[in-house]
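Using the sequences provided together with the hints, build the complete structure.
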Amino acid sequence: MKETMRKLCAPVLSMFESGDGEYEYKQSHRTILIVLGLLCLVIGSASVAVTLVTGEPAGVIPILLFMLTGLVCEIVGLLGSDRAVARIWKRS
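Sequence positions in the sequence shown follow the numbering used here and run 74 to 165.
Hints were generated in silico from the structure; no laboratory data involved.
Warning: the hint list may mix true and false statements.
Straight-line alpha carbon distances no greater than 25 Å define the calculated BS3-like cross-link-like pairs of lysine-lysine that follow [to be verified]: (1) 163 / 99; (2) 80 / 163; (3) 75 / 99.
Listed next, with one range per pair, are the computed distances between beta-carbon atoms [what the hints assert, rightly or not]: (4) 135 / 107: 18 to 26 Å; (5) 129 / 83: 34 to 42 Å; (6) 125 / 94: 44 to 52 Å; (7) 75 / 129: 37 to 45 Å.
Here a beta-carbon is modelled for each residue, glycine too, at the ideal position from N, C-alpha and C.
Right, here's the structure in full:
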C-alpha cells in the first residue's frame, strides 16, 4: 500500500528526495512535520467552514494555502524518505 501511495505522490516526493551528499535527519523532524501538516489541514478545514458560512470568495486563498501546505507536509512526513524530511527542513 505504501509503495502504491509513493508512486501516486512521486511528483511531490521527487522534489524533496533528489540530491546527493550527507543530510542531517532526526526522528523528531518527521514527527513535527506530521503534526504541522495536521494543524495546517485543521486550519484549512476551518477556513472552508467560515467561507461557506460567510459566502466570501476571498476565503479561497487561505483554504488553498493551508490545505496545500498540510497535504505536502503529510505526504513528505508519512511517505517520504529521511532525505526528503531533512530537505524540507533545509538540513543539508
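We went through each hint and held it up to the structure:
no. : hint                  : verdict
1   : 163 / 99              : holds, 13 Å
2   : 80 / 163              : holds, 24 Å
3   : 75 / 99               : holds, 21 Å
4   : 135 / 107: 18 to 26 Å : holds, 21 Å
5   : 129 / 83: 34 to 42 Å  : holds, 36 Å
6   : 125 / 94: 44 to 52 Å  : holds, 47 Å
7   : 75 / 129: 37 to 45 Å  : holds, 39 Å
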